[in-house]
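Engineer: For reference, the chains in residue letters:
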Amino acid sequence: MARRLPKKDVVIIGLGWTGSLLAHELTDAGLEVVAIERGPWRDTSTDFSPTQDPDELRYGVRLDLFLRPAQETFTLRHNTGQNALPIRWPGAFIVGNGVGGAGVHWNGHTWRFLESDFVLKSHLSQRYGAGAMPEDMQVEDWGITYNDLEPYYDKFEYISGTSGRAGNIKGQLQPGGNPFEGPRSRGYPLPPLKDTAPTALFAKTANEMGYHAFPRPAGNASEAYVNPLGIAMGPCTYCGFCERFGCGNYSKASPQANVLPVLMRKSNFSVRTESEVLHINKDASGTRATGVTFVDTSGQEWEQPADIVLVCAYGLHNVRMMLLSGIGTPYDPKTGEGTVGRNYAYQSAGAAGLLFEGKRFNPFVGAGSLGQCIDDFNGDNFDHTGLGFFGGASITTSNYHGRPIASSANRAPGAPAWGSAWKKQVSSTYQNSSAVAGQGSVYSYRDKYLDLDPVYKDRYGRPLLRMTFDWHENEKKMTRFIAQKCAEIGKAMGAKHVTPRSIPDHFNVVPYQSTHNTGGAIMGSDPKRSAVNRYLQSWDVHNVFVVGASAFPQNAGYNPTGTVGALALMAADAIRNEYLKNPGPLVQA
Amino acid sequence: MAGLPNDPLISRRTLLASTAAAALVGATFGSARGVKARMLSGEVPWAPGMATPPEPLVPNGWLYFTPEESRAVEAIVERLIPGDDLGPSGKDAGCAVFIDRQMAGPYGGAERLYMRPPFVNNASPLFGPQSQLTPAQQYRVALKALDAYCKANHGGKGFANLPGEDRDKVLAAMEKGEPNFEGFGSRPFFNLVLQNTMEGFFADPIYGGNRDMAGWKLIGFPGARYDYRDFIDTVTEPYTLPPVSLMGRAGWTPGR
Ligand SMILES: Cc1cc2nc3c(=O)[nH]c(=O)nc-3n(C[C@H](O)[C@H](O)[C@H](O)COP(=O)(O)OP(=O)(O)OC[C@H]3O[C@@H](n4cnc5c(N)ncnc54)[C@H](O)[C@@H]3O)c2cc1C
Ligand code: SF4
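Line by line, the protein sequences are chains Z and D.
Residue numbers 2 to 590, in the working numbering, belong to the letters of the first sequence in order.
Residue numbers -8 to 247, in the working numbering, belong to the letters of the second sequence in order.
Hints are not guaranteed to be accurate.
[Claimed, not checked] Listed below are several chain Z residues computed to face chain D (Cβ distance under 8 Å; list not exhaustive): (1) Ala198; (2) Val272; (3) Thr298.
[As the list claims (entries may be wrong)] Ranges between beta-carbon positions, derived for each pair: (4) Z:Pro192 x D:Ala241: 37 to 43 Å; (5) Z:Leu388 x D:Trp37: 52 to 58 Å; (6) Z:Lys529 x D:Ala164: 54 to 60 Å; (7) D:Glu102 x Z:Glu358: 39 to 45 Å.
Honestly, the hints are just simulated from the structure, not real lab data.
Model, not experiment: these values are computed from the prediction.
We put the CB at the ideal spot given by N, CA and C, even for glycine.
Chain Z on its own, in the form it takes in the complex:
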C-alpha cells in the first residue's frame, strides 16, 4: 500500500535540466515544489572533483554517471514486423540518471534551431510544393515560431553561461557569427572559447571555400561568469574530460553549476533522491492528475499528491511515463491515430574521419563544445531542389577530448588494430586524428514510434519502452550528401586519409551516436496530431505538463538542449502567468 504524503503545489518527475529550471521558476512564484529523482544526489565538490573526475575508465567507458540498464532500459526493433530486443548495454545513446540528469555529463553545445525549423511543414510545402515530401514523412509545424521562443533562448543562454559569437542581433548580421541564425535580442553572455589547431584549421579552410565559419555556441564558460541567479562559474580549463564527465571547475553549464546552488536553499523546495516515480495518478474523471506514486530504495511506495505534475524525466522517459499512466491516447501506426509515441526521431551523422601526417594536435586539450562550425548545409539554408532529400546538418570540427582508451581505436583505413604494427602507429594517429562531422536532422515518419514493450519488463515488472525505429531513405541520402561535403573540407584541410561516413542501411545500437532522442509527446496546435499544446500542457489532462525533447515534432540538425531549455522556460512562464490564475486548458482545442 502506498503511504500518502502531504500535498504540494507542484511535483516534478526528474531533477535534470528541465526539472531544475522549472523548479527554480515556480518556487520563485511562491509555490511549494517537490522533485522526485530516481537517481542519487550529485554535486561538484563530492562527485566531479578534479581529484576523481579525469577517470576515463570509470566515467567514459563504464558510464558510472549514467542510467544502468539493470535499472531501466529500452527495447528496439527496426519495423513492426520484428520482435524487439532489449538494449542490454547502452551504445547509440546513453541517458542520464541522478540529480542534474544528462545535464551533468553533456557536452554543452547550446544551439537555437533555425526559424524555418519551427514551421517546417508549411515552409517545405510552400517552397517545394505540398507533394514534394515522401508520402510517409510526417513532419509538422511546432505551433510556435522562432520569435515566440527567442526570449526563452536568451534566458537559457544567460542562466547557463553560453560562450559564443552572435551572427544576427536584431536583424543585423555580425561578422564571424552564424549568418543563418534567427535574429537574437542580444549577444551571448560570454565570448567564444579559444580554438585548438584542428578547429582553427577547419574555420580557415571553410572560409576559404566560401562557407561561413563560426565558433560553436558552448556551455563551457570561456571566462569567469556570474549568472542572473547570482551563481558564479569558473573559467573552463580545457580539461578534456567533459562529455560523459561532470565538471570539477564549475565551468560547464549544468543544473549543478547554474541552478541548484540557489534552488536547494529555498525553503519551498525539496527533492527526494533514489525515488522512482511509477506513474501519475488521475481523478475519477480522468482529466485531472492528483499527483504521483513513487517507490523508494526500501521498496516502500508513496503517494505524493499535487495540483500540478511536471514530467521532466527526459524525452523517452516522459513518453513511457505517459503510457504507463494513461495520459493521452497511444499512437497506432496502422491507423495513424493517437498521439503518445507519435513522431519519434533522432539525430543522424554524415561525417569524414581525417588522418593527417606530421601534426601535433595534442588532442587532450579540449572542451565539450569546443569547435568551429558552418551552417551552410543545415536545415533549408540551401536549395534542396533536385537533391532527393530534405534536411541537413551543422558541420563541425570539434576538439572535445583526447581520451586514450577511445583514441586507441583511431587508425588509418585498413591498418591493424593490434600487434607491433598497431603500436608503431598509435602515437602518430593520436596526434594526427580529427574529423569534420555533421550533426544531422531526422524527420518523422508514420511507422517510427514509441510504445510499451509486450515482453521485456523493468525491475518492478513494468513494461520497458519499445522503440520502433530505422533509417529512412531521406536521411540516408542527406547524410551521404553531408559526408561528401565534410570530405571535401577535410581534403582541403590537408588530411592524408579522408574517410567519409554516412548512416548505415539499418540503425545500429552499438556505436555511440548521440543522446538526442526526440518526439513521442509532440507539441502542436491540433490535439489529433500532437500530445501537448504550445505550452507543453497535455491536451487530455490539463494539470500535466510534459517537458523535454519529447515535444519536438521532428529533429533539426542541431543538439536539442538549447531548445529544450527554452521550451521549459516558456512553459514555466505560462504556468506562472496564465495557468495559476485560471487552472485549465491554456489553449482551446
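Please arrange chain D with the ligands on chain Z, whose structure you already have, making use of the hints.
Structural biologist: Just chain D with the ligands, lined up with the frame of chain Z:
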C-alpha cells in the same frame, strides 16, 4: 561495495589512507555512498567524506582467473600489445591483472547490464550484446574453447605454450571469427579481450594496468592534469610536463 563502508560520514582521511595502502595494484568503483532514498531541502547537502573515489581492491594474486586462465590471458595481452623499443608489452604493463580485477568486480559480473530473459541467441549484432553470460563467464567459457582449439590444431599445446608467431596466427583467426568456439564465439571474444586490453593499457594506473603510465607515455597523454589554460595558446608545441595519475606520481610519495 567490497569493503567500503557506505556511511556518508566516513572521513575522507580514512578513505584516502585505505586507498593509498591498496591502490598500486588495482581498484574498482562503486557507489561509495549510501544509496538510500533521501529527502533533501533547505541547503546544498555536504559532509566530509562524501566524495566517491575509486574503490581499492586487494593487491596480490589473481582474484578471478585460475592459474591456467591467467597464463592464457597474459599470453594474449603480450601479443595484442608486444614489448619493443617503444615500451613494455601489455603483460608487463599489467593488462592481465587489470582484466582479472575487472572480472572480479561489477563489470565482470554484469551488474549494470539488463540481464532479464528472454535471451535471443542468434540476434543480429545491430541490437548489441544479447548473451546471457556475464563478461566473467564469457572469459571462462571462451578461454576453455581457445585451449581446446589450440590443443587440437597445434600439436597438443595450449595457447600459453605456443610460440609468439603461432599465437598471432590464432588471434588473427579469432579476429575474423574463424575458429568455432563452443559457448561463446571466437570473434566476440576477441573483440572483448582487445577492448579490455586497451582499457588496461590506457586507463588510469589505479586500476592495475598502464603500469608506470606506459600507455600514456607511448602516445603523449598527460593523464589527470585538468588545466591547460597556460598551454592552449601554444597547443601544437610539445607538452613537457610528465603524466600524472589520479593517485599522483611515484615521485610524489617517496618510499613507495
Ligand atoms: C553524453 C551526452 C552528451 C550530450 N551533449 C549534448 C550537447 O552537447 N548539446 C545538447 O544540446 N544536448 C546534449 N545532450 C543531451 C542533453 O543532455 C539533454 O537534452 C538534456 O539533459 C535533457 O534535459 P531533460 O531535463 O529533458 O532530461 P535530463 O537532464 O536527463 O533529466 C531527466 C531526469 O529525470 C530523471 N527521471 C527519469 N525517469 C524518472 C522517474 N520515473 N522517476 C524519477 N526520476 C526520473 C532522470 O534520472 C534524470 O535525472 C547530451 C547527452 C548526453 C548523454
Ligand atoms: S572542458 Fe571545461 S567545461 Fe568541460 S569539464 Fe573540463 S573544465 Fe569543465
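Engineer: Does each hint fit the structure? Answer for all of them.
Structural biologist: Status of the hints after comparison with the structure:
no.	hint	verdict
1	Ala198	holds, 5 Å
2	Val272	holds, 5 Å
3	Thr298	holds, 5 Å
4	Z:Pro192 x D:Ala241: 37 to 43 Å	holds, 41 Å
5	Z:Leu388 x D:Trp37: 52 to 58 Å	holds, 56 Å
6	Z:Lys529 x D:Ala164: 54 to 60 Å	holds, 58 Å
7	D:Glu102 x Z:Glu358: 39 to 45 Å	holds, 44 Å
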